[in-house]
Structure formats: structure tokens, C-alpha cells
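Peer 1: Residues per chain, in single letters:
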Amino acid sequence: EVQLVESGGGLVHPGGSLRLSCAASRFTFGSYWMTWVRQAPGKGPEWVANINPYGNEKYYLESVKGRFTISRDNAENSLYLQMNSLGPEDTAIYYCARVGLYRGYSYLEYWGQGALVTVSS
Amino acid sequence: DIQLTQSPSFLSASVGDRVIITCRAGQGIGNFLAWYQQKPGKAPNLLIYAASTLQSGVPSRFSGSASGTEFTLTISSLRPEDFATYYCQQFNSYPPLFGGGTKVEI
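Quick mapping for you: the protein sequence lines, in order, are chains A and B. Okay, so the first sequence: first residue is 1 according to the numbering used here, each after it adds one. Okay, so the second sequence: first residue is 122 according to the numbering used here, each after it adds one.
Okay, chain B solo, but in the shape it has when bound (with noise of 0.2 Å):
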């Protein structure tokens, strides 16, 4: 199986901040790595597919690189709506895992 690991677990940060969010896979995935927003009570909610494609709808600030094994998703300024947990994914093999998440908290 192909571990995700996210870091960090936690980040604590104020509006207008720019977050990054790393999602390091155990081996090579190529660019077959997701990403989800999750607010509490709530189903994930896709923010990038294939490492670097924004989600129809999805606001601009979201972004999403690879390099190597190493993702990150980017949050260029951090809105009051985006306080949540973040989750990776990745799609190249079975079973297709999620990363342990980061919760980003004010």
C-alpha cells in the first residue's frame, strides 16, 4: 500500500496568512494525488485533482504542486470559510489511501 503522510497534523493561522500543506507519498505516484476540504459534519469536499487542477468552483487562492513524491496544497490567503481539515489522496494504485490530515484551526 501507498502511505500518504501529511504535515503538519496541525496549523494555527489568521486570515490573510498563506498556508502550506504537504502531502509526502512512500513512493511514487506520478501526478495521481487529490485534495479535500472537510468542514465538521460534512462530506469532503474536492479542492485539486491530479496534483495541480483546480475543481470547477473552487476559489483561485486553492492551489496545488508536485515535485517527486512531495505535494503541497496552497492556500495563497486564508479566508474566515477556510478553516477546516485538508486531506491528500492518492489515485495511482490500489487501495487509493488518504493522508492523516491537517486541521487548519484560527
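Pulled out of the complex, with its shape left as it was, chain A reads as follows (with noise of 0.2 Å):
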């Protein structure tokens, strides 16, 4: 069975940064697109941003361009986001998912348990 572990989380006050780790096992990691998702307390989920196999391909959610990179190391079969200028409003559970994809549509097709980051002064 597919395994996502996130690390990392953490509390950081308002302006810092911090780094998100995403361990995968018992897949073809290089093979997939992978996704960062985020949920603050109380909300639905919001796509954060993506990564393509070769990690050469990045898109990110506007409100966090210029602040959060994604990037992967599939040597280590690991998937990052560093968070910098971190505020309240990203305070949530970050999760990592791989991606599906079947005749063109893709989908989240599994989802680690993941990572609490609390951004508070």
C-alpha cells in the first residue's frame, strides 16, 4: 500500500519559515506529479500547489507564489515545500497527495495523514 509521511510541522511565529518534508514509499515515486494540500481549522481543502516527476514543472496557488516552493528529490523519494513569510492565514494541516492519472484526468489518489503548522505570535 501506497505511504505518505509528512514532517515537519510546527509553530512559528508570524514571518518565519519552515520546511515540510514528505516521505513516500511503496511506489514509483519519480513516476508520479505530486501535490501539496492544505485545510485550516474549521475549512474545506485548498490546493497549494504541484509538482511534475521530473520537478522541472511547478504551479502554485496565487496566494502563496513567491513565499512557498515546492520541490522534490526522487533519489530520496521525498517531496518538499519550504514556507517562508509564513502568516495566520497559513495556518493549517498540510498534506501531501500523489497524483492520479487515467486517459487525461487526474485526481488525488492518496493522501498522507498530515502536518499541522500553527503560525502565531
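Hints are not guaranteed to be accurate.
Unchecked claim - Restraint-style ranges between C-beta atoms, simulated for each label pair: (1) Val5/A with Tyr215/B: 21 to 31 Å; (2) Ala134/B with Asp73/A: 42 to 52 Å; (3) Asp138/B with Asn84/A: 39 to 49 Å; (4) Glu57/A with Ser133/B: 36 to 46 Å.
If you're looking for bench data, these hints aren't it; they were derived computationally from the structure. Here the structure is a predicted model, which is why all the values come from computation and not from measurement. Where a beta carbon is used, it is the ideal one built from N, C-alpha and C, also for glycine.
Work from the hints to combine the two standalone chains into their complex.
Peer 2: Below is the structure:
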């Protein structure tokens, strides 16, 4: 069974930085698009960023562009999210997910358990 | 950005009921829509993709359909484990936004 395990969450002051990691196992990590999705307390999920299998094609939610950077290390089977200039609005559980692809249709087929990021003074 | 409007936001139902949840896209997205179920404290779980294709392992009481920009998730006979919040997500274009959710309560 596919496993995705996030780490690196925690409490950070406004304006601070944090780097999330997602360790992938039990599938060929380097063959899949990966994504980060966040969910603020009591709210619905919000897509944050996508990265292609080679790491050279990335897409971001407008509100995180220039502050967040998605990256991956296929040799280490790991996905990352570098988050800078954090604000209270970034407080959320951050999930990594594997993007499924079938006949051109995408979907988020496997999710990690999530990492909580709290931005507060 | 393509907005997704789910209705209703809350739904009270009983075991055995037929439940229909609607997701309306702000513009045409073809069949590039997925449905997820989320239970408290857990990550969302994929139910349906490509508007009507059932994910492997998902019970057949769940089904999806599409008509233009309106998509529906149907639970044919509600079971106790189906009480949860349901979200749609479009993948036609970036950003792949989620709908606001429908909470199915007893």
C-alpha cells in the first residue's frame, strides 16, 4: 500500500519559515506528479502546489506564489514544501498527495496523514 | 479561477436514505471532476474521478454523474460509515480548487 508521511510541521512566528517533508514509499515516486493541499481549521481543503515527476514543472496557488517553493528529490523518494514569510492565514494541516492520472483525468488518489502548521506570535 | 459551488452545505439524513450532493462549476470543465469523502481528523479519501469513475475499493452505493456544468454524487443507500463531509475538486485548469463541502449528518 502506498505510504506518504509528512513531517516538519510546528509552531512558527509570523514572518518565519518552515520546511515540510513528505516521505514516499511503496511506489515508484519518480513516476508521479505530487501535490500539497492544506486545510485550515474548520475549513475545506485548499490546493497549494503541484510538481511534475522531473521537478521542472511547478504550479502554485496565487496566494503562496513567491513565498512557497515545492521541490522533490526522487533519489530520496521525498517531496518538500519550503514556506517563507508565513502569516496567520497559512495556519493549516498540510497534506502531501499523489496525483493519479487516467486517460488525461487527474485526481488525488493517495494522501498522507498531514502535518500541522501553526503561525502565531 | 473556476469556482465550484456545492449544495447543500449540510444535509440531515437517515440510514438507508438516498442522498444526492450537487457540485456546480462556474464554467465548463468537461468531466475533470473528482469527489472525496472526509471524516473528522482524517485526510480526504478519493471516491470518484473523471466525474463518474469509481475509485478502486469504493463501495458501489457511491456513484457520480455529470450534465454540463452540474455534477452529482449519489449515495444510493446511506450507511452509518457514510456520515462525513464530501468535497468536489476540478482538474480542468489551475488552480484545481475544491468545492465548499457538504456535511452529511444523522
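Peer 1: Does each hint fit the structure? Answer for all of them.
Peer 2: Results of checking the hints against the structure:
1. Val5/A with Tyr215/B: 21 to 31 Å: holds, 27 Å
2. Ala134/B with Asp73/A: 42 to 52 Å: holds, 46 Å
3. Asp138/B with Asn84/A: 39 to 49 Å: Check passed, 48 Å falls within 39 to 49 Å.
4. Glu57/A with Ser133/B: 36 to 46 Å: holds, 44 Å
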